[in-house]
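> One-letter residues, chain by chain:
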Amino acid sequence: MLRKNRRSTFILLIAASMIAAGVFRGEVQTVLAKAVNLCLECVGIG
Amino acid sequence: MAENKNRWKIQAAATLLTNAHLTGFFTGRIYRGKFKAVCVPGLNCYSCPGAVGSCPIGSLQAVIGSSKFKFSYYIVGILILFGVLLGRLVCGFLCPFGWFQELLHKIPSKKLSTQRLHALTWLKYGILLVFVIVLPLVVVDEVGMGDPWFCKWLCPAGVLEGALPLALVDEGIRSALGWLFTWKSCLLIGVITLSVFFYRPFCKWLCPLGAFYALFNKVSFYRYSVDHDRCSQCGACSKVCKMDVAVYRTPNHTECIRCGDCIRACPHEAIRKSITLKGEGSL
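Sequences listed follow chains A and B, in order.
First residue of the first sequence: 70, per my numbering; consecutive thereafter.
First residue of the second sequence: 472, per my numbering; consecutive thereafter.
To be clear, the hints were calculated from the coordinates, so they are not data collected in a lab.
Model, not experiment: these values are computed from the prediction.
You may find that some hints are simply not true.
Using 30 Å as the maximum straight-line C-alpha spacing, the simulated DSS-like pairs for lysine-lysine come out as follows [claimed, not checked]:
{"hint": "1", "chain 1": "B", "residue 1": "K539", "chain 2": "B", "residue 2": "K505"}
{"hint": "2", "chain 1": "A", "residue 1": "K73", "chain 2": "B", "residue 2": "K744"}
{"hint": "3", "chain 1": "B", "residue 1": "K476", "chain 2": "B", "residue 2": "K582"}
{"hint": "4", "chain 1": "B", "residue 1": "K689", "chain 2": "A", "residue 2": "K73"}
{"hint": "5", "chain 1": "B", "residue 1": "K581", "chain 2": "B", "residue 2": "K476"}
{"hint": "6", "chain 1": "B", "residue 1": "K476", "chain 2": "B", "residue 2": "K744"}
{"hint": "7", "chain 1": "B", "residue 1": "K713", "chain 2": "A", "residue 2": "K73"}
{"hint": "8", "chain 1": "A", "residue 1": "K73", "chain 2": "B", "residue 2": "K710"}
{"hint": "9", "chain 1": "B", "residue 1": "K505", "chain 2": "B", "residue 2": "K480"}
Sequences and hints are given; from them, build the entire structure.
And the structure:
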């Protein structure tokens, strides 16, 4: 159990690091720009 | 009898919170605030007029398919975070499209087993790899941008949550809908029809988000365990499991959406759920 939790904690830390790296690289702006405009592909316009 | 009678309340609350911009359904305008920079855990189209957050699968394709980035640390990090904390509990409790299929399955009709169709569960991993990652990355236009292939060609949630409510109140959108909308509507009708007879067909066979979270069921902090001293291997858990999991053998199987029906069905109280934060204790 302890070993499993170490593994999970390690994955959790990787996830946090990746989120921080993505924010630092400016990916959030790309996500926001897509999300606040109507996604034509999603609704089937093209 | 084994069914959790309160799960729908959490599913309803999650759907409402995910789509809290209720005025959008009347004005036909999507929410444009800063919360949209953050992904919701479940499959919920960001072009739904009620959506207050981003769809993680749509966002992943948007970043991978952009001319600036070829991998998204941000979105993959968020997905791993949800995955390692909750696993497919997200599917069972927090996903609006999953709940939609469950409601359809409550329509009185003959219910069919998916056990013989188990091989189809591998399809969703192929869709995650090909339609969400490879095609948006590889098939690009002259400025290096790729289409969101899954959203464009396969996702029925975009029609249900985006196109239909928007087209109802917006004449401009209504007139712009063409053959692609027709194709996606056919997919949606297919999923709706299958959902009446089969339990959560989209989640089992097609959903790339479920495929991603499935990879974390074995390592998530929220997990199930079987007390083998109590378990008689009677199979009562497997019989009630609508996701076709033999819980007494693999309590953290990739297909388990943590609905908890097996826990209530076990006559020996041998299955336990836990949020294990420390080595020995649990919450």
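> Evaluate each hint against the coordinates.
Structure-based check of all given hints:
1. K539/B / K505/B: 21 Å, holds
2. K73/A / K744/B: Holds - the C-alpha atoms of K744/B and K73/A are around 15 Å apart, at most 30 Å.
3. K476/B / K582/B: Holds, because 20 Å separates the two Cα atoms, which is no more than 30 Å.
4. K689/B / K73/A: 9 Å, holds
5. K581/B / K476/B: 22 Å, holds
6. K476/B / K744/B: Holds: K476/B and K744/B sit about 17 Å apart, inside 30 Å.
7. K713/B / K73/A: Given pair K713/B, K73/A holds - Cα atoms ~27 Å apart, limit 30 Å.
8. K73/A / K710/B: Judged against 30 Å, a Cα distance of about 29 Å means the pair holds.
9. K505/B / K480/B: Holds. K505/B to K480/B sits at ~27 Å (cutoff 30 Å).
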